[in-house]
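With chain A held as given, fit chain B onto it using these hints.
Read off the chains here:
Protein chains: 2
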Amino acid sequence: MEDSAPRPGEKKVVAVVGGGLVGALNACFFAKRGFQVEVYETREDIRCANVVRGRSINLALSHRGRQALKHVGMEEKIVSKGIPMNARMIHALSGKQSPIPYGKKGQVKAETYPNTKLNFDHKLQDWSAETGLMTFARPDGSKTQVRADLIVGCDGAFSAVRKQFLRRSRFNYSQTYIPHGYMELTMPPKHGEFAMKPNYLHIWPRNTFMMIALPNLDKTFTCTLFMPFEEFEKITTGDEVIEFFQKYFPDAIPLIGADALKRDYFRLPAQAMVSVKCSPYHIGDKCVLMGDAAHAVVPFYGQGMNAGFEDCIVFDEIMNRFNEDFGAVLPEYTRVRVPDDHAIADLAMYNYVEMRAHVNSKWFIFRKHVDNLLHLLMPKTIIPLYTMVTFTRTRYHVAVERWHWQDKVINRGLLAGAVGAVFGGSYLLVKNPPNINKLAVAAEKIWNKLAALNTP
Amino acid sequence: MEDSAPRPGEKKVVAVVGGGLVGALNACFFAKRGFQVEVYETREDIRCANVVRGRSINLALSHRGRQALKHVGMEEKIVSKGIPMNARMIHALSGKQSPIPYGKKGQVKAETYPNTKLNFDHKLQDWSAETGLMTFARPDGSKTQVRADLIVGCDGAFSAVRKQFLRRSRFNYSQTYIPHGYMELTMPPKHGEFAMKPNYLHIWPRNTFMMIALPNLDKTFTCTLFMPFEEFEKITTGDEVIEFFQKYFPDAIPLIGADALKRDYFRLPAQAMVSVKCSPYHIGDKCVLMGDAAHAVVPFYGQGMNAGFEDCIVFDEIMNRFNEDFGAVLPEYTRVRVPDDHAIADLAMYNYVEMRAHVNSKWFIFRKHVDNLLHLLMPKTIIPLYTMVTFTRTRYHVAVERWHWQDKVINRGLLAGAVGAVFGGSYLLVKNPPNINKLAVAAEKIWNKLAALNTP
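Keeping their order, the protein sequence lines are chains A and B.
The working numbering numbers the first residue of the first sequence as 642 and each following residue consecutively.
The working numbering numbers the first residue of the second sequence as 642 and each following residue consecutively.
It should be emphasised that the hints constitute simulated quantities derived from the structure, not laboratory data.
Do not rely on the hints blindly, as some may be mistaken.
Same chains, same names: a pair is fine if it fits in one copy or spans any two.
Claimed, not checked - Within a straight-line C-alpha distance of at most 20 Å, the following computed EDC-like cross-link-like pairs (lysine to aspartate or glutamate) qualify:
#: 1; residue 1: K1049; residue 2: D781
#: 2; residue 1: K673; residue 2: E716
#: 3; residue 1: K918; residue 2: D987
#: 4; residue 1: K804; residue 2: D767
#: 5; residue 1: K838; residue 2: D1048
#: 6; residue 1: K737; residue 2: D892
#: 7; residue 1: K831; residue 2: D957
#: 8; residue 1: K784; residue 2: D686
#: 9; residue 1: K838; residue 2: E717
#: 10; residue 1: K888; residue 2: D900
With the rest of the complex left out, here is chain A (with noise of 0.2 Å):
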């Protein structure tokens, strides 16, 4: 047992609970404010540990990412050691590879300050919101007793901490797991180098299901396979894993490796992907939710990480406006970030949904061809909601309502145009000697196309 409560004169304590990617930055943002910051990690040190168990992590690091880590002078670092990834590279059924241009990528390492304590091995039992007093389990089987000012909960979408707020009244809380799991291969260097070209995010379609690679430091690259729970369970022996890779990504085969691919399909089961949102993300001055304990999200629009930094700048932000004081900044950042928050976990359920239906609507597909041509006639009016996302910081929430309007404004246009054309027809039926069985008909017709087109 142990207690550092704070004393008077002393430095506030803000404990970190979890020392993920959210977690580590935030460390940062406090320490550079001058608190006593205590991180708290469910797992051992993996900087000490001889096997580090888990699943390998990479991801796209956007402007709002960057960003964030611009404010605690990590950015250069940081962006150094990723892999600039350019373009996607599109891999079609018969092998054939095309480029399309994309953004940037890299991978994260955490930095601390001096005034950071880092604390592994330290898993979260339990916690009060009165006090902020906090139990601890240790591998020894003991427990530890801490108290701070401040729990900032970054411990990821199955949050500890963020048990405590499901057993109070009024907390909204959703947790949606999607019919896709996910499963991790890996494709070995070639040569020495890698085994396709490193600056690329590879892309194998498949309707249904998909699959992308992403490069690593060391030369391989992380495939990941896309695909209903219900498809991988249909998977049961070394042999169909090859015939479904026959069918359907005959030029990873030998990329892979047929042995491999046999062995590592059956290694882990594929995993679940969930959607959480919940709101308020605080409770009193004593305890605030951020990344992934706050709001998880499907990963089919790469923003994950970049919100979960994006958090961190809003909190900092609010910190200065209100001067520090908890019982201020925590109820504000509820406000300010729920609605941005939700935007982007809908945004990234509405991604994964349109990959899996709409692909094929005709509506849909006449609607993108639209989009594209007004951006390019009228760049600053009509921008797509991907560039709003990836590229700015627009607050998500306000980039969807503009994103919303812009549909609006479009399918009324289009509206009106077909009103417009039936104008005109009619006109130049009714010059001639006016027939209303003909205006009829033709009013059929374009009703008719329109209704057709309006039904995905």
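Only chain B this time, still in chain A's reference frame:
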């Protein structure tokens, strides 16, 4: 410690956790089939209690609920205990009362079969999805362990059974609190009789808030005030309560009594209302959730209890189809019932939102008139949603689909009508010297009218 694990040849044990309305009815359904039924209830046996704590229950029993009661031969018994409620009585601000025809109402009392045991003072602490072993805490601080072949979680919106589901992967769950709270106030009898006409649901609609009153057998009324929490919190003194009632419910002050009002308003804080949706409803062949534990709804469609009762019939029908094989019955129950429960939860929420937002929209009022007119003209084709939900056993999600379909047809009809009017108009215009400018102006006018209607 006791252990009621079933031995070969013995009757299978069904543990119903929660002795509320749905738990009690479910116990009857399982007992009727010959299972050994054990009902576990956290609270003490209110039949022997001196003081019954908690809130009164007033519930509207409609078609679905009655059908479920009929299955266990309890319909007549329970309906005879209820107070028929054939109309709504609307209280205007002026005090004027206007009746509107409506449905029926009842109060429900649990009934037990000989092969059913009621176990009060049993608070579920934990249970195993592998073995069916449950651990209960007893009032004396001891623990009891009991094993069952099937655990039926009927323990309400804050279900203890459901906690185990939340720990598992791929369990979808959402809990949404609405910004309104509610408060119950008692209207005493007047000269030994009901203070208002008893066979009515009394309603005081006041835009963003409202009060309702339902009759009890002891000739009192339970008045329920629904209002945003922030409005409740603005009232802090007895005088402010009277001021508030004077402004919005002046006719209720003498009926409740000014002194009682001043006192009872502060007896309990306003209560929260939550909507819960989840999926799946089962784990393996061991556990299933029903009633509020599976789908708590906000009380704005009067279907909470009826949906819970219908759960029991639906489960019973599936038990027949799959010959009481839990391994087949439970997944089928999830497959069949989830879409219907989600539909009624959404409808109740939709009614809540509509009540607040759409009530003043021109388009909404216009459409209500059109819908009512169409129901009069085509009573078999266009059926109002409320009728399908309340007076039939049409599956909830089918009722909603049908409603959306009707909605689409009616909206398209209106649009087609508008296009027709444009045609007619243009035809008349071009009979005289055709003037394309006039046509454009007319088209714009019609377009603006339609656009204005579509924007609430």
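Discussion item. If the cut is 20 Å between Cα atoms, do K1049 and D781 qualify within a copy, between copies, both or neither?
Written reply: Classified as neither; 60 Å inside a copy, 64 Å across copies.
Item to complete: Give the relationship of K804 and D767 under a CA distance limit of 20 Å: within one copy only, between copies only, both, or neither.
Response: both (9 Å within a copy, 17 Å between copies)
Item to complete: Tell me, please, which holds for K838 and D1048 at an alpha-carbon limit of 20 Å: within, between, both or neither?
Response: Close neither inside one copy (37 Å) nor across copies (53 Å); limit 20 Å.
Worksheet item: Under a CA distance limit of 20 Å, which applies to K784 and D686: within one copy, between copies, both, or neither?
Response: within (19 Å within a copy, 40 Å between copies)
Practice prompt. Up to 20 Å between alpha-carbons, please classify K737 paired with D892: within, between, both or neither.
Written response: Within one copy only: 9 Å inside a chain, 79 Å across chains, cut-off 20 Å.
Discussion item. Reference check for the pair K831 and D957, CA-CA at most 20 Å: within, between, both, or neither?
Written reply: neither (45 Å within a copy, 61 Å between copies)
Discussion item. One pair to classify: K918 and D987, alpha carbons no more than 20 Å apart. Within, between, both, or neither?
Written reply: Both, since 9 Å and 18 Å are each at most 20 Å.
Discussion item. Checking an output row: K673 and E716, CA cutoff 20 Å. Within, between, both or neither?
Written reply: within (15 Å within a copy, 69 Å between copies)
Worksheet entry | Intra/inter-copy verdict for K888 and D900 if alpha-carbon distance must be at most 20 Å | within (17 Å within a copy, 80 Å between copies)
Discussion item. One pair to classify: K838 and E717, alpha carbons no more than 20 Å apart. Within, between, both, or neither?
Written reply: neither (24 Å within a copy, 76 Å between copies)
Against the hints set out earlier in the document, violations occur for numbers 1, 5, 7, 9.
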